[in-house]
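Could you build all of it, start to finish, from the sequences and the hints given here?
2 protein chains.
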Amino acid sequence: MKKISFILIALMVHGMLPAQFAGIQNNQEQPLPAGFKPASTNTFLSQYPAVNPDTRQATFRVVAPYAQNVTLQLGGKHAMTKDDKGVWWYTTDPLVVGFHYYAVMIDSVPVMDRGSEAYFGSNWESAGIEIPEGAEGDYYRFNKDIAHGEIRSLYHWSDINGLERHINVYVPAEYEKNPKKKYPVLYLVHGWGEDENGWSVQGHVANIMDGLIAAGKSVPMIIVMPSGDIKTNSDVRKASGDITDILIKDLVPYIDKTFRTYTDRDHRAMAGLSRGGAQTWNAVLNNMDKFAWMGGFSGSGRIGKNPFNPSASPTTVETAYNGVFKDAAAFNKKMKLLFISIGTAEGPGAKETYELLKNHGINNLVYHESQGTAHEWLTWRRALNDFAPRLFK
Amino acid sequence: MKKISFILIALMVHGMLPAQFAGIQNNQEQPLPAGFKPASTNTFLSQYPAVNPDTRQATFRVVAPYAQNVTLQLGGKHAMTKDDKGVWWYTTDPLVVGFHYYAVMIDSVPVMDRGSEAYFGSNWESAGIEIPEGAEGDYYRFNKDIAHGEIRSLYHWSDINGLERHINVYVPAEYEKNPKKKYPVLYLVHGWGEDENGWSVQGHVANIMDGLIAAGKSVPMIIVMPSGDIKTNSDVRKASGDITDILIKDLVPYIDKTFRTYTDRDHRAMAGLSRGGAQTWNAVLNNMDKFAWMGGFSGSGRIGKNPFNPSASPTTVETAYNGVFKDAAAFNKKMKLLFISIGTAEGPGAKETYELLKNHGINNLVYHESQGTAHEWLTWRRALNDFAPRLFK
Numbered sequence: 020m021k022k023i024s025f026i027l028i029a030l031m032v033h034g035m036l037p038a039q040f041a042g043i044q045n046n047q048e049q050p051l052p053a054g055f056k057p058a059s060t061n062t063f064l065s066q067y068p069a070v071n072p073d074t075r076q077a078t079f080r081v082v083a084p085y086a087q088n089v090t091l092q093l094g095g096k097h098a099m100t101k102d103d104k105g106v107w108w109y110t111t112d113p114l115v116v117g118f119h120y121y122a123v124m125i126d127s128v129p130v131m132d133r134g135s136e137a138y139f140g141s142n143w144e145s146a147g148i149e150i151p152e153g154a155e156g157d158y159y160r161f162n163k164d165i166a167h168g169e170i171r172s173l174y175h176w177s178d179i180n181g182l183e184r185h186i187n188v189y190v191p192a193e194y195e196k197n198p199k200k201k202y203p204v205l206y207l208v209h210g211w212g213e214d215e216n217g218w219s220v221q222g223h224v225a226n227i228m229d230g231l232i233a234a235g236k237s238v239p240m241i242i243v244m245p246s247g248d249i250k251t252n253s254d255v256r257k258a259s260g261d262i263t264d265i266l267i268k269d270l271v272p273y274i275d276k277t278f279r280t281y282t283d284r285d286h287r288a289m290a291g292l293s294r295g296g297a298q299t300w301n302a303v304l305n306n307m308d309k310f311a312w313m314g315g316f317s318g319s320g321r322i323g324k325n326p327f328n329p330s331a332s333p334t335t336v337e338t339a340y341n342g343v344f345k346d347a348a349a350f351n352k353k354m355k356l357l358f359i360s361i362g363t364a365e366g367p368g369a370k371e372t373y374e375l376l377k378n379h380g381i382n383n384l385v386y387h388e389s390q391g392t393a394h395e396w397l398t399w400r401r402a403l404n405d406f407a408p409r410l411f412k
Numbered sequence: 020m021k022k023i024s025f026i027l028i029a030l031m032v033h034g035m036l037p038a039q040f041a042g043i044q045n046n047q048e049q050p051l052p053a054g055f056k057p058a059s060t061n062t063f064l065s066q067y068p069a070v071n072p073d074t075r076q077a078t079f080r081v082v083a084p085y086a087q088n089v090t091l092q093l094g095g096k097h098a099m100t101k102d103d104k105g106v107w108w109y110t111t112d113p114l115v116v117g118f119h120y121y122a123v124m125i126d127s128v129p130v131m132d133r134g135s136e137a138y139f140g141s142n143w144e145s146a147g148i149e150i151p152e153g154a155e156g157d158y159y160r161f162n163k164d165i166a167h168g169e170i171r172s173l174y175h176w177s178d179i180n181g182l183e184r185h186i187n188v189y190v191p192a193e194y195e196k197n198p199k200k201k202y203p204v205l206y207l208v209h210g211w212g213e214d215e216n217g218w219s220v221q222g223h224v225a226n227i228m229d230g231l232i233a234a235g236k237s238v239p240m241i242i243v244m245p246s247g248d249i250k251t252n253s254d255v256r257k258a259s260g261d262i263t264d265i266l267i268k269d270l271v272p273y274i275d276k277t278f279r280t281y282t283d284r285d286h287r288a289m290a291g292l293s294r295g296g297a298q299t300w301n302a303v304l305n306n307m308d309k310f311a312w313m314g315g316f317s318g319s320g321r322i323g324k325n326p327f328n329p330s331a332s333p334t335t336v337e338t339a340y341n342g343v344f345k346d347a348a349a350f351n352k353k354m355k356l357l358f359i360s361i362g363t364a365e366g367p368g369a370k371e372t373y374e375l376l377k378n379h380g381i382n383n384l385v386y387h388e389s390q391g392t393a394h395e396w397l398t399w400r401r402a403l404n405d406f407a408p409r410l411f412k
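These protein sequence lines map, in sequence, to chains X and W.
Numbering follows the working numbering, in which position 25 of the first sequence is assigned residue number 44; successive positions increment by one, without gaps.
Numbering follows the working numbering, in which position 337 of the second sequence is assigned residue number 356; successive positions increment by one, without gaps.
Take every hint as true, because none was put in to throw you off.
If several chains are the same, the list does not tell them apart, and a pair holds so long as it fits within one copy or across any two.
DMTMM-like mimics (lysine to aspartate or glutamate), calculated; alpha carbons at most 25 Å apart, straight line: (1) LYS104 x ASP126; (2) LYS276 x ASP261; (3) LYS196 x GLU183; (4) LYS199 x ASP275; (5) LYS276 x GLU193; (6) LYS257 x GLU183; (7) LYS250 x GLU183.
Because the hints were derived from the structure by calculation, they are not lab data.
What follows is the structure in structure tokens.
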């Protein structure tokens, strides 16, 4: 019996073995500098990139013996240095904690560092690196001592889109144990260039919600994470960011049919990050009969000038979104929460929106800041951790 | 309100924008040759690689203006040709239908083509391309006219491994509608270098099972897809392929506690592909009190010489696996199915095993061949499609 040999022969015939061995270029048996550990975002055998949790520095390693220039693209461009074995190295200054996409430019070609797992961002599979927080980051880490919900991966057919659409749905740990209980639903959308897996992979939504629910801080809820793109399968592919129609006519009815949900507006919320925040404002403020809670993380609605259409007349708080804010008292009666969050490194825009609305008499407003973080996943994990406990109470 | 501008500024500050625009190198607005369509395995905006479904040819496109040599690694090495814009091209001969990993070598550096989605293989994130079958491939495609099960993503704590372990679990469409019904369970393992997502992503397990169950060919069942590796998070990472202990002591009890399962051996099966097939033989044949059905797809047990330990005495059908086959009548009484499958391009090993066992008097044996396919996912989709209807009847 030479079964295993046949497998190896089959692999060689099919050209897989060279790639396999090349694949371990950042893998086991590579020594690490003192104090450094493999990043948690690496593939499981990869030693590099390596992170020093105390100094928050990261060391990158790229094997490219014939390249003239190798650059690390991570918060700017950094020239890597070649050693005498054709291996390129770069150690960063201390980085901001949290999750960062990065790319390696080899002679001007941006490539994904194969030491990293793939994280979908900028409309392609990207490398990423997590600079760990200490104990303050425990809320988004797996906690073996509490009950765990699930991320359910489903496809539903969309007549509007003409395609099956992939969604991820978080259900709380208790869901299967209470076969008659109904749950409120939060629709949670990713940002531009990412996809419906972003919140569960980069965002650690299950760990965050498991912790909040176990601690009694959040009401057990279902979280639906759809794609914020309308993907097409035509010969020339395009995407649109206008998901309101699919959301209202297609996704919400599908969820209410498939899961044990409360179907009234008081038990339905929506939030999103970056472009997903803008999508949330569009969808919710034009469908106030369906949602009573909303959040924008590092991205909210447009009041004033439209940066995508500068020639259009700027809106005001009275005219934006078909005048939904005009009668503040009426708005206050309907919307139970309007949550606006931003990283402090992102600029004053979110705070300006908040103050504009507050001064106009909108209440049930919450303004949340993530200290020291930018337009990145740590900002959004913190936003969700602050937002979710406020819902459905 | 300049919220959107702040987002763009934040992106630029954090070095994301150049990567974004570089990211669309294979994206929309690229013309396609007549008869070619974007591969279904591409990221959703990528035009290349493109496939001609009639000729089964694929055209690859790589932007690498300063490279000296660009090679496509797909069933051998193929030199790509540079055009006057610094873009490299290669069009294949007709390819075998099914899913193939591929790599692009840019001046000897293997990189993942960013036109492709990421598929975990060879222990890193790899590009892949699906060469579509015609109607005969419908069984693994999404069918909008039938009910759909779900893939549930869960983590469970393993004391043996000292880590949380990720599993995917297929539950049939009817599971939520029958809150008191119990189900049989198939444990289904991936091969070397892949991970617990392989069966649901590359293998399309949900589409295959949804179709078999809707057609009344398969009994509704739960399918548990664990990692076949024991991953460690130590400073120098290592993996082991011996999962029997974790499976028996940790995973099976966790599944029986978490899902509505039958817990007797008659309602528990295990199968795997390649190394996962070898793991199945190890686990099942040493734990016959727990499993009554088993399958090895392009990989089964070792009878005879051990290719990994050539100095060990070869086993015989009487001595292999602690002599479990020796008393054929006793084995036949216990094991309801021993399914052996292979692609015809993989060699005669699987058939030899089958004949060895058959001649020894083992029955309830099934030998299945996938015509014209090799050590790849189409072989394993076909194997599952033939295997699953035989279970739990």
